[in-house]
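Asker: Here are the chains, one letter per residue:
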Amino acid sequence: MEVTSVVQLDQTKAKDECLNLSLRPLQVSDVDDFMVWASDEKVTRFCTWEPYTNKEDGLNYIKNTVVPHPWFRAICVDDRPVGAISVSANSGNDKCRGELGYVLASKYWGKGIVTRAVKMVVDTIFVEWPHLERLEALVDVENVGSQRVLEKAGFQREGVLRKYFILKGRSRDMVMFSLLSTDYHS
Amino acid sequence: MEVDLSKITLRPFKLEDADDFLLFAGDDQVTNYLRWQTLSSKQEALDHIKDVCIPHPWRRSICIDNCSIGFISIFPFSGEEDRFKANIGYGVAVKYWGHGIATKALKMAVPQFFADFPDVVRLEAFIDAKNLGSQRVVEKTGFQKEGMLRKYAYMKGKLRDMFIYSFLSTDLPANP
Numbered sequence: 001m002e003v004t005s006v007v008q009l010d011q012t013k014a015k016d017e018c019l020n021l022s023l024r025p026l027q028v029s030d031v032d033d034f035m036v037w038a039s040d041e042k043v044t045r046f047c048t049w050e051p052y053t054n055k056e057d058g059l060n061y062i063k064n065t066v067v068p069h070p071w072f073r074a075i076c077v078d079d080r081p082v083g084a085i086s087v088s089a090n091s092g093n094d095k096c097r098g099e100l101g102y103v104l105a106s107k108y109w110g111k112g113i114v115t116r117a118v119k120m121v122v123d124t125i126f127v128e129w130p131h132l133e134r135l136e137a138l139v140d141v142e143n144v145g146s147q148r149v150l151e152k153a154g155f156q157r158e159g160v161l162r163k164y165f166i167l168k169g170r171s172r173d174m175v176m177f178s179l180l181s182t183d184y185h186s
Numbered sequence: 001m002e003v004d005l006s007k008i009t010l011r012p013f014k015l016e017d018a019d020d021f022l023l024f025a026g027d028d029q030v031t032n033y034l035r036w037q038t039l040s041s042k043q044e045a046l047d048h049i050k051d052v053c054i055p056h057p058w059r060r061s062i063c064i065d066n067c068s069i070g071f072i073s074i075f076p077f078s079g080e081e082d083r084f085k086a087n088i089g090y091g092v093a094v095k096y097w098g099h100g101i102a103t104k105a106l107k108m109a110v111p112q113f114f115a116d117f118p119d120v121v122r123l124e125a126f127i128d129a130k131n132l133g134s135q136r137v138v139e140k141t142g143f144q145k146e147g148m149l150r151k152y153a154y155m156k157g158k159l160r161d162m163f164i165y166s167f168l169s170t171d172l173p174a175n176p
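In the order they appear, the protein sequences are chains Y and S.
Read left to right, the first sequence gives residues 1 to 186 (UniProt numbering).
Read left to right, the second sequence gives residues 1 to 176 (UniProt numbering).
The following block holds chain Y by itself, in its conformation from the complex (with noise of 0.2 Å):
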């Protein structure tokens, strides 16, 4: 029986590796599978947004935030949305650092999409703007998963930063992350 199960769980490991995993722009046209995670208690529980409950604002959204934003990109499962990447530039002399920030459909939590996805961000985005310096991310204290996302990917942990946020009314304590091109170069 246990010879079985280890089996299974390798091929579920096996499977969810094998996931057809892209990035791309998110359109207006994407806004269905956008309100699937969008609308999700469950995946804006530490976004500072609540969730979604009409297509109309999902629309905004996507026109007025997703497609001006300087990256931001879809993460597709067989070319179907299921979540969202994006990292935000800064001007002056804060140019030198991005924010990362993400978002995942919770049906498929625990593949290790985001990881991938982080990784493929990564991979690119210090070679799309040579400016950047730091990739930084900002983790509740509470979200654990997140944080094993960037420890994965290789993000360093560099301290708790106390009431440094205020999400829905309360103030939080994050978690800095950041990852260098040079910790990415080396």
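If you're looking for bench data, these hints aren't it; they were derived computationally from the structure.
Beta carbons: idealized from backbone N, C-alpha and C, even for Gly.
A portion of the hints provided could be inaccurate.
Among chain Y residues calculated to face chain S with C-beta under 7 Å, some are [unchecked claim]:
no., residue
1, Asn93
2, Cys96
3, Ser171
4, Leu180
Starting from the structure of chain Y, add chain S where the hints point.
Answerer: Relative to the frame of chain Y, chain S by itself:
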């Protein structure tokens, strides 16, 4: 030089402070780790006091015998999401380094600031990894070191590692 720390006071800047202001704001050693450009004339000092110090949400002159020998600047962030946070910076004339003046001044300033800005919960300081003196000042004042932010920002054209420190309103000693 003996310094009597009980003579250290904080007050808003006045135009009359221009000569004293230039003594520290015109010194590269003081402005080295600040975003300010070193000032080079009394007129620039007057302009800076008029255009920056006086309208500033919370900037104080550090004084000995009412004479300005440095500054403390605390800037609350703007915007709905960020007004609970503020950033602190300070500088003291080189002649007065090594006497605990900055620490004394910060220990006076921090509770005053939180009283003046009751919405602020988190006061943070970004200190260059090489600025050991300033790290000691904030640590003695009671700031907590949270971590080192590698290659965090450019300062005067160079990419810097910075320690991030915080002092929360809840870190203030409870009133007796």
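Asker: Determine for every hint whether it applies to the structure shown.
Answerer: Consistency of the hints with the structure:
1. The criterion of a C-beta within 7 Å of any C-beta in chain S is met by asparagine 93/Y, whose closest approach is roughly 4 Å, and the hint holds.
2. Evaluation of the cysteine 96/Y hint against chain S yields a held restraint, the C-beta minimum of about 6 Å falling below 7 Å.
3. Checking serine 171/Y against chain S: minimum C-beta separation of about 6 Å stays under 7 Å; hint holds.
4. Interface restraint check for leucine 180/Y: the shortest CB-CB distance to chain S comes to about 6 Å, inside 7 Å, so the restraint holds.
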